[in-house]
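Participant: The lines below spell out each chain.
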Amino acid sequence: MIQDIPIQYFLIVSTIMFFVGICGFLIRHNLITILMSIELILNSVNINFLVFNKYLFPNQLQGNFFVLIVVAIAAAEASIAIALFINMYRMYNNIDVENISEMKY
Amino acid sequence: MIDYTYTIWIVLIPLIMFVILGLFGSKMKPNLAGILGSAGLFTTTILSYLTAYFYFFKAEPINGAFTSITAYNVEWLKFSDSLSIHLGVLLDPISVMMLVVITTISLMVHIYSIGYMKGDSGFQRFFAFLSLFTFSMLGLVVSTDIIQMYIGFEMVGLSSYLLIGHYYEKPSAVAASNKAFIVTRFADFGFLIGILLVSFYTGTFDFNVLTNNDASVYTSMGHASFLGMSALTWGMFLIFIGGAGKSAMFPLHIWLPDAMEGPTPVSALIHAATMVVAGVYLVARMFIVYHFQAPGTLEFIAYVGAFTSLFAAIIAITQYDIKRILAFSTLSQIGYMMLALGVSGYGGEGGVGYMASMFHLFTHAMFKGLLFLGAGSIIHAIHSNDLRDMGNLRKYMPITFITFAIAVLSISGIPPFSGFWSKDEILAAAFEHNKLIYFSSVLVAGLTAFYMSRLFFTVFYGKKTDYKHEPHESSLLMTIPLMILAFAATFAGFIPFSSFVTSDGKAFESSLSLSIAIPSVIIALSGIVLAFLLYHKKSDVPDKITVSLGFLYRATLNKFYFDEIYLFVTRKIIFNLISRPIAWFDKHIIDGSMDGIAWIIETTSIKIKGLQSGQLQQYAFVFVSGTIILVLFFAYWFI
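Protein chains in written order, with our numbering: chain A, 59 to 163; chain B, 695 to 1333.
In short, the hints are calculated from the structure, not lab data. These numbers come from a predicted model, not from an experiment. Cβ coordinates follow ideal geometry from the N, Cα and C atoms, glycine included. Each hint should be verified, as a subset may be incorrect.
[Stated by the list, open to error] Incomplete in silico selection of chain A near chain B, CB under 8 Å:
1) Ile-80
2) Phe-83
3) Leu-84
4) Val-155
Next comes chain A alone, as it looks inside the complex:
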């Protein structure tokens, strides 16, 4: 069962996901990949919430509900972001983050 797996394993997976997300966010140029990186970061946090809830306070549900809120927000954010990307694509014919510099300075 899940109790047999040590907590560190979960944390290692979530840390790796978090830094993969950070790296993707910093390095990638494509806005969709950046959005995916953000999702990775959010999900790594979700894993942490669930694991700590399960291991430290097994009888309570706050962690679970936080995860639900994060998922809901992430979905909303993704839909808005995609809408923005489509508009950007219409204006610039690409969605490369380097090219979108209208508001610079």
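Chain A is fixed; fit chain B onto it per the hints.
Facilitator: Showing chain B alone in chain A's frame:
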């Protein structure tokens, strides 16, 4: 008791006229503006005459003396319970007399100007400023309060500036108006300091208190002294400087000849009859104080007046510009008034100088206004100011000729014309007091007769006929004022002035002393005869005389190089030694430090603006690496 409250309208009507003409003048027909201005002034004149009639003939003198009446007084600015500035109307013999003079001359000039300024593009503007000037001048003479007088001084200075600069397209007119404004403004600064100094010790601005016979307000000033003179002497001296600037006393006289760049009616009104006597009026207004508290200053005034009158009379002999000759003669006559005040005593017969000064102010306003208007008529006819372009004009302009002749006889002091009577009183006062001043004045009387006759004979006699177009007599609008003023210049001398305007308000009998009158008439007549011999027809004798005088003549022709001295002092000394170093300091040190700060900020901003690249990923990188560094740091620190 007579209610004098209406006198406020004497002052206010010209102001209302100024506002109307100033705001709506440009939409009016020029003649309408002229008639409106003249009509407003006519009302004022009637009111002034009524006031004079009531004041001198209807009111009962108290203890045989004319008292000063505060007809209207309103508190304008309150500093403390005891110190406040009032604006109002003060009636006493000299202010009532001035009301009559100003309104008469101003009315004549208004009517005259309708003819003289015909077709001028600035016609309505000209009348608006004439009204402004009349308002300021009337406000000045009826001051209840020394600050009101100061305001009046500034305002006549301003309107004089505006009117001298009437032909503002002409650079010389602009320069002349600037010069007049700056010189008189500079003198007014002395006036202001004097007011503050006197009022600091007396604690009041009110003329009723300041010029009271009771001198207790001045006791505290006796103790304070500076450079060996008491604070009161200094204060009165500085106040006199204000008056000297407006009255163009030596050495502040330089602006008046140049002020002749303005239209001739303006010269008649402002620079002959009214504004330039404001300084005399100021000294007369404060006369009690000068006489009892600062006799040294009064002595000084007498010498300044005597010197100015001699100095200006000498310069007038050599000038060729008809208006400049008249300007120098104005200087000379105002010098007379000043010296008469300076040598005057107080009360009864002793105050004959004071009476003579005011008398001469009155008659001078009439005949000098007439001279200027006559000169304007000549200039109007032949379009030149230069004596050398004139001659034989008596054939063409009979009315101007006769009225001008009356004015010349009057200013020369030939009986029975008005100038004789007032000049005689002045000479009598000078004779009583100071022989040196007396002899200089008699000399000036001779010089005056000479240069005025020179002007007269050159203009009206001679054989000159080569005019480009035939000169003609001016229109009735211009000659009627001439005739009225000629009438005044003839008969004003018979007014028994000593029963009305005296230093203490009490009438006294002044008698003509033959021992004074005969020498002055003889010297004046000899001046006229000399001028007649030299100038009544073209001869080369004057040229020979000028050649033999050599340097003296050139110096006089150039007004003793006073303009050059002023230019040297201002341009070479003040500009180079004071203004330029200060300008350098301002430009390099003060502006430099400000510019330096701006430069530092700008260069720094350019250097660091790369940080605000707008690249989201760069921001995120900085943010994340910062977080990591902080985490590592705290981890190392706390664990």
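Participant: Hint by hint, note whether the structure agrees.
Facilitator: So, going through the hints one by one against the coordinates:
1. At its closest, the beta carbon of A:Ile-80 sits 6 Å from a beta carbon of chain B; the interface hint therefore holds under the 8 Å criterion.
2. For A:Phe-83, the suggested interface contact is upheld, since its CB lies about 6 Å from the closest CB of chain B, less than 8 Å.
3. At its closest, the beta carbon of A:Leu-84 sits 5 Å from a beta carbon of chain B; the interface hint therefore holds under the 8 Å criterion.
4. Interface restraint check for A:Val-155: the shortest CB-CB distance to chain B comes to about 7 Å, inside 8 Å, so the restraint holds.
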